[in-house]
Amino acid sequence: MTARGKRLTLILAALALLGGATALVLSAMRENLVFFHTPSEVAEGKAPVGRTFRIGGMVAEGSLERLPDGVTVRFAVTDTAKTIPVVYHGALPDLFSEGKGAVAQGQLGPDGVFVASEVLAKHDENYMPVEAQHAVDQAQRAASTLEP
Amino acid sequence: MIPEMGQFALALAWALALVQAVLGLAGAARGSAGAMAAARRAALAQFAALVLAYACLTAAFLRIDFSVLLVAEHSSTRTPWFYRLTGVWGNHEGSMLLWSLALAGWQAAVAAFSRTLTASFRARVLGVLGAVSVGFLVFLILTSNPFERLVPMPAEGRDLNPLLQDPGMIIHPPLLYMGYVGMAVAFAFAIAALLSGRMDAAWARWSRPWTLVAWVFLTLGILVGSAWAYYELGWGGWWFWDPVENASLMPWLVGTALLHSLIVTEKRGAFRSWTVLLAIGAFSLSLLGTFLVRSGVITSVPAFATDPTRGVFSLGLLALTVGVSLLLFAWRAPRLSGGGAFAPVSREGSLLVNNVLMAAAAGAVLLGTVYPLIIDALQGAKLSVGPPYFEKVFVPLMIPAVVLMALAPFLRWKRDVLSRVLRRVLPEMIGALIIAALGVWATDHVTVGAFLGIALTAWVVLASLRLLVDRLRQGAASGMTARLRGIPGSWWGMWLSHLGVGVFILGVTLVGALEQRLDVKMMPGQEAELAGYRFVLRGVSEVPGPNYTAQRGAVEVWREGRMLTVLAPEKRAYFRSAMPMTESAIDWGVFRDVYVSLGDPTGDGGWVVLLFYKPFISWIWFGAVLIALGGVAAALDRRYRRLARRTAAVSVSEPPHEPAAEAVR
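Quick mapping for you: the protein sequence lines, in order, are chains D and C.
At position 41 of the first sequence the residue is numbered 40 (numbering that gives the first Met the number 0), and the sequence of numbers has no breaks.
At position 178 of the second sequence the residue is numbered 177 (numbering that gives the first Met the number 0), and the sequence of numbers has no breaks.
Rather than coming from a laboratory, the hints here were simulated on the basis of the structure.
Check before you lean on any hint, since a few could be wrong.
Claimed, not checked - Covered by chain C, per the in silico footprint, the following chain D stretches (three or more residues, Cβ under 8 Å):
(1) 2-9
(2) 15-25
(3) 33-41
(4) 65-76
(5) 87-93
Claimed, not checked - Heads up, incomplete: computed chain D residues facing chain C, CB under 7 Å, no partners named:
(6) 28
(7) 130
(8) 133
As the list claims (entries may be wrong) - In the DMTMM-like style, the derived pairs of lysine to aspartate or glutamate whose C-alpha atoms are separated by at most 25 Å in a straight line are:
(9) D:5 with C:415
(10) C:413 with C:469
(11) D:99 with D:117
(12) C:391 with D:117
(13) D:99 with D:40
(14) D:99 with C:603
(15) D:81 with C:375
(16) D:99 with C:241
(17) C:391 with D:30
(18) C:266 with C:415
(19) C:413 with C:636
Glycine included, each C-beta is placed from N, C-alpha and C at the ideal position.
Let the sequences and hints guide you as you build the complete structure.
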């Protein structure tokens, strides 16, 4: 093989590798994007059924209850306009409490209950999860535009 | 008075950095020996000023001076002294000060230990580092002043974030910052090479030990961070593909590529522009990491300091750094072309593939990490990229990289024949497949992932042993010890790090395949079973701590009728912050960890208890330690010091001009 031919082989091999990597990245990305929906959007039916997404807002006061097995909990997430019930099996994060911000990841069941596989709370008492804050802000903006 | 002194020292450091940048770069351009010597002294003085500033802040913390806002917000009278000491960097302002101190420390090290560099090259390196320092100190002084006063002074402080009140957190940030900032040295060497147009084997020899040390710090920083997440967050995971973790992984991946690219630049003079690009990339990703962690744009675990204006500032700094260096690269890089030609199947070829894979992996992680930010900025849509994305992308890229990693050291430089090499290591390859088959059979866990993981580990270990045996056979010296001693440090470094990767993969594979978890409600006296272990909750009692009250469980761990240990997981309530904290309890072992953490009380006297069985998780840490040890061994290679002595002798007799060119051969 000539020097040019060798170089070409090398470049082609590198390109093939890069192309493969890109294809891999794009397909994995498409499958694993987790969208965020506010409780209002979920209530309006804008959230997908049967696909994992995130929901966030405040944990509604007085909504946290523990099922008889002791490990499964129910609570409601609200953006102050709409409230969505959530069920979760497992230990809640340290900073999870009523009246505080939380983000849950999971799927919406056909009964309208959000089945969470993961619950994230804020990790410092000073800060809200960005997504939870976003949900509340949106709902309040919507509310203020409705007012006369 | 002390905080004002710190403030003054900070301003002084900024001025010195500016002097260092200007005199260093201009002095080198004009060949002024006086200016270059002054730049060197400015670097040492800048370090002294930052040590003083840092000492002032530490003094404010130790003296519990609540008239300083930072102290009042991140410590309390009840905080133990060592957490007040570490509280200095347990917040945004202090950690940025630590960043700057680390940067100045690297500059002082370059100023002090670079007798082998030509005066003009050293001045350029110090000039570039000084410019980076100027940027960071402006950021620190304008947006994040650590010495801000608080009037009126409160009687009690708000205490340190409980997550950070942990020994792991004492060493994690300094290690990580030393790594991040150390990449600035590699960056400065690359920029200095672009400026001077000089980039030869001697350059690679200068640059490589610095890059190695930075990379070792980064490796250890990531390791400690991961171990901390494992035992402190109470979820039993060791890697979450969290943006903050990705922020440290990306410069590590590019730094790894850089280390390998530097080998080719040193030995064969090739890959020069690519090496420069990787050095720019590694440092830019370190800056991006700082931006991601410090801007609070993402819902993430340890991003405890969040402020968008700072984010904008650091993003500006990042854009400036990347922009200027890439412009310089586009302008000057054509001068750097050249180097030895090589065939696709050769040591160079294999290192090229390694580089492409590492860079692709870093790119994929980068995409997954910033994609949500970009979409948010462009469309206002909130979304996140789940961990499965990272696993799906990262693992397929790493599999060929690891296969090649063990094979590449058998390849010859310039040109080799693939069939020759494959025939040579055929026994090891077959052995790896047999071991993997036995492994999945023995663990009764027949999955592709487990098979591949065990096969990769076995392949890496067997090939490494073969490599050592071959190397010892080759040696000209008689006697085994003489031959062992004849092997250079960089070879041992490669060997240890590669072996470490194998050990690491085994840990990841086995803990992934065989771990078990049980979330269970337990009443005192009740028991639960997991993976052949029997757990008995004896009770939960209240225990006072210095700045918290803990609910401490007593959990007996039994196996085969014998009690192994009593674990004491805690749920702590810190006084000053309404924040509960889970302290998990772990029975560490070489072959398995048994991990217990307390969830929530169920209201009727019971507790939700999390039980984990984590086989081989320690091997993840062992592997990472081996990888880091390899870096240390390579940095200690005699040839870097031999070079130092030779060129010192040369520069006495001659003006500093192209030293060590002869030392390369």
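Task: Structure versus earlier hints - violations, ascending order - done: none
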